[in-house]
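Undergrad: As given, the protein sequences belong to chains S and R, one line each in that order.
Here the first sequence stands for residues 31 to 379, numbered as in the working numbering.
Here the second sequence stands for residues 1013 to 1575, numbered as in the working numbering.
Some hints here could point you the wrong way.
Claimed, not checked - Pair by pair, the computed Cβ-Cβ distance ranges are:
| id | chain 1 | residue 1 | chain 2 | residue 2 | range |
| --- | --- | --- | --- | --- | --- |
| 1 | R | Val1317 | S | Asn165 | 36 to 46 Å |
| 2 | R | Leu1023 | S | Pro104 | 35 to 45 Å |
| 3 | S | Ser256 | R | Pro1089 | 29 to 39 Å |
| 4 | S | Ser99 | R | Thr1309 | 21 to 31 Å |
To be verified - So the derived list for chain S, only partly shown, Cβ under 10 Å to chain R, looks like this:
| id | residue |
| --- | --- |
| 5 | Leu85 |
| 6 | Asp116 |
| 7 | Val342 |
| 8 | Gly344 |
Honestly, the hints are just simulated from the structure, not real lab data.
In this text, a Cβ means the ideal position worked out from N, Cα and C, and glycines have one as well.
If you want the building blocks of each chain, they are given just below.
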Amino acid sequence: MNQGFGLGVDQIHKRFGDIHAVAGVSFGVFPGEVLALLGPSGCGKSTALALIAGLERPDRGEISWDGRSLRDVPPHERGFGLMFQDYALFPHMNVFDNIAYGLRMGRWPTDRLGERVDEMLELVSLPGFGHRDVNTLSGGEQQRVALARSLGPEPRLLMLDEPLGSLDRNLRERLVSDLRRILKSMHQTAIYVTHDQDEAFAMADRVAVMNAGRLEQLDTPQVIYSHPASTFVARFMGMTNLLEGIARTDPGGSVVETAVGEFPVEGQFQGKVILLLRPDAVRPDGVGSLRLPGSLLSCSFRGSTCQATIEVRGVPLKFDLLSSSALPPPGELLTLGFEPGEALQVFTN
Amino acid sequence: MKLRYAFLLWLAPLAFLGIFYFYPLGNILAVSLGRLREGEALALLRSLLSPTIQRVVSFTFGQATLSTLLTLLLGLPGAYLIARCEFRGKALFQALSGIPFVLPTLVVAAAFNALLGPRGWVNLALMDWLSLRQPPIQFLNTFTAIIVAHVFYNLTIVLRIVGDFWSHLDPRLAQASQVLGASRLQTLLRVTLPLLLPAIAAAALLVFIFDFTSFGVILVLGGPRFATLEVEIYYQAISLFNLPMAATLALLQLFCTLAMTAIYTRLAAGLSRPLGLRPRRFTQRRLATWSIRLSATLLLGLIFVFLVTPLAALAVRSFIRVDGSAGDATLVWTLDYYRELSINRRGSLFFAPPSTAIAVSLGYAAATVVLALGLGLLASWALARHESALLSRLLDPLLMLPLGTSAVTLGLGFIVALDQPPLDLRASPLLVPLAHTLVAFPFVVRSLIPSLRSIRPRLRQAASVLGASPRQVMRTIDLPLVGRALLVAATFAFTISIGEFGATALIARPEYPTIPIAIYRYLGLPGALNYGQAMALSTILMGVASGGMLAIERFRIAEVGEF
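My request is simple: use the sequences and hints to build the entire structure.
TA: As structure tokens, then:
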């Protein structure tokens, strides 16, 4: 991976008893980049953070910064920041002392200390909160104090472990954009751990999707969304129309035979495959070079789009359709139209 | 409405303290001070300022402070190991560490005597090896002996109270500190220790009060040169028969205890914070590196040797007869002492075989556990929930009073006050467990409160929003969350009852002696055979106590035990 600058994670493994929490993960984070670790709970992303922070030791593999190994560097000498899932604010200190803690440890001169804490409080929009008792803060305020605390000592790398997990949706959306603005304005190198793909896409320059201790895909949000590398990634992106099929080569490409019908696809495939029918690349008015007849089962309204469940040859499929498109009432027939290049993707795994 | 509810919680513990503590105590104090003639009261007060009493008071405070500090110094690292590390034989280690606490002072004195006394194993070995005429180590009747015995006795209090609290402390707080650039030492000083302070303060208070009111250790190991207030009370009452002076000193001792508890209560209210307590399995880890494993092994070894050597010396002594005199003594293995236990050679009227003493002790201990846990849970729950209420601030120090009262005074009070209608309990088998419950009560309360206070209020609120009545909240939230602390409290109650001697000696019925009483009887008789039998019975007591503690450790009240 990137052996030169920033963080390098090379083939790390960690077992807890029978559980292989992290099973050979490699990636890099460039200076100034925000990388999201995305995956369902229990996929090993928090363990990966603990390994990078030095709170756990990898069984195998190497973690490095600017090409230098961190194997024998204890957590407090790594110069990294970690924002914990439920913040871990020190209950016996007020807001000021919590934020000043890392600065005191880093021996910041006393005259700069108060200034820096105020600066941090300003940054997270909590000016004048210094004297407050952390046990009386709301969830959102605690989250921002935790962020200020981890940003204060100017860490080389900031790790955020599901920092918005326990907050309500509105607050979350606002904080995601605040957080990205703050991190980007400080040119902060960061790893953002989450199980929420919207959060990951909104926060990160690149996204690493993890599953069962392994890395499934590492790329920009756009590529991950348009070309998921595995059925796991596709399913995690909410793409559920995965059809088992048999592929055979055909002049100019391949043909996949599924329970729904035969589909021409680009590229050479042979034998058992899984075919993805993207939910967002289908029109309900039958316009397109391929067509599928189906009947509308249900339609749930999501704002600008609606999620329609459409039965095609006995198989229920889910599609995201524009709310403005004209739909028949549930139970009626309709024809789906799409372009195979946009709407179809073949997985051989 | 709320106040009335709190009052209901207080009712049972207060009634108990009133009838079985304040009534007998007031009775004995009134009887003692009632003997004062006109004009003597002033002279009595003046004698409190005499150099003798001043020396006693400063010695009492000095030795208690030093003993407490040393106990913490050795106990805190041990508590860390118990709380945070997984290692083989941990349950056994914990059980072993509790044994000294249950031993009567006489047995501890005998154990140190068997190890370091003029004819103890160490001196015997050194004399043999270096061909000496005189024992080279002077241990008995020294200040060192007092301090060592106090640390030996009380180490388990620190290990248990602090260890239990520490094992539930969220490890992420320390991790957060480390990630923010604090070294292990800085993290310990700035985060871990401040958060542990409520538990440390609770343990230190108990240890201090125990050392402060120390009696048997001073008398037997310290010798006539040393006197604490409690010893002075005993001298004044039994030797000089100066009951008014004894009562005044007992009041002074009580006042000191009350003052310390009041200071502690003030501090504790400011120290405890709502902490997210974590189940043990999240907080414990294996010893990671060789250096940590080595220092852990060294520390455990040190504690182990310190706690086990005197006990082993005692146990071995119960199987060995020493023939001949110093210099050419021969050691003979023998089971005679145990065999003789069941033989009533002197045709004593109050003879009881060891099986009876064991059954009596276990029965009293079981009753004490039930009584002390029931009352203690009510009181500590009321204290923890209505922390700031006036009632709580007034009553908290009151609950600690029995600790600061000499067992001898209490025993006398029981005899004087509870032998006539309306409360004639002389013949009741409940009398002894009641006295034991009084002594155990402060321990139960102090073990439970740190855990209870640290339960996030939100959890209780969540439960009541989900439809739980206050009683259901207690059963489904508080009780399971303090499960570990409850086990600790049960262990305390059990061990205190098994080992209590001072009060039991005065109130137990002679035909139903507890094990310590039976040991005391043998120690009071001359000759090597009786001494050996006392050692044998002490060894049996050790076995019963550790067996009981192991059983409580394993005992799980429907999920309560694990977390």
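Undergrad: Are the hints correct? Go through all of them and say.
TA: To see whether the hints hold, each was checked on the structure:
1. Distance hint check: the CB atoms of Val1317 (chain R) and Asn165 (chain S) are about 43 Å apart, consistent with the given range 36 to 46 Å.
2. Our hint of 35 to 45 Å for Leu1023 (chain R) and Pro104 (chain S) is violated, since their Cβ atoms are close to 54 Å apart.
3. Between Ser256 (chain S) and Pro1089 (chain R) the beta carbons are some 58 Å apart, a value that contradicts the proposed interval 29 to 39 Å.
4. Look at Ser99 (chain S) against Thr1309 (chain R): about 29 Å separates their beta carbons, and that is inside 21 to 31 Å.
5. This hint holds: Leu85 (chain S) has a C-beta 5 Å from the nearest C-beta of chain R, less than the 10 Å allowed.
6. At a threshold of 10 Å, the smallest CB-CB gap from Asp116 (chain S) to chain R is about 7 Å, leaving the interface hint in force.
7. At about 44 Å, the closest approach between the beta carbon of Val342 (chain S) and any beta carbon in chain R exceeds 10 Å, and the interface hint on this residue is violated.
8. Of the supplied interface hints, the one on Gly344 (chain S) is violated, with its beta-carbon coming no nearer than about 43 Å to a beta-carbon of chain R, more than 10 Å.
In this structure, the hints that do not hold are numbers 2, 3, 7, 8, in rising order.
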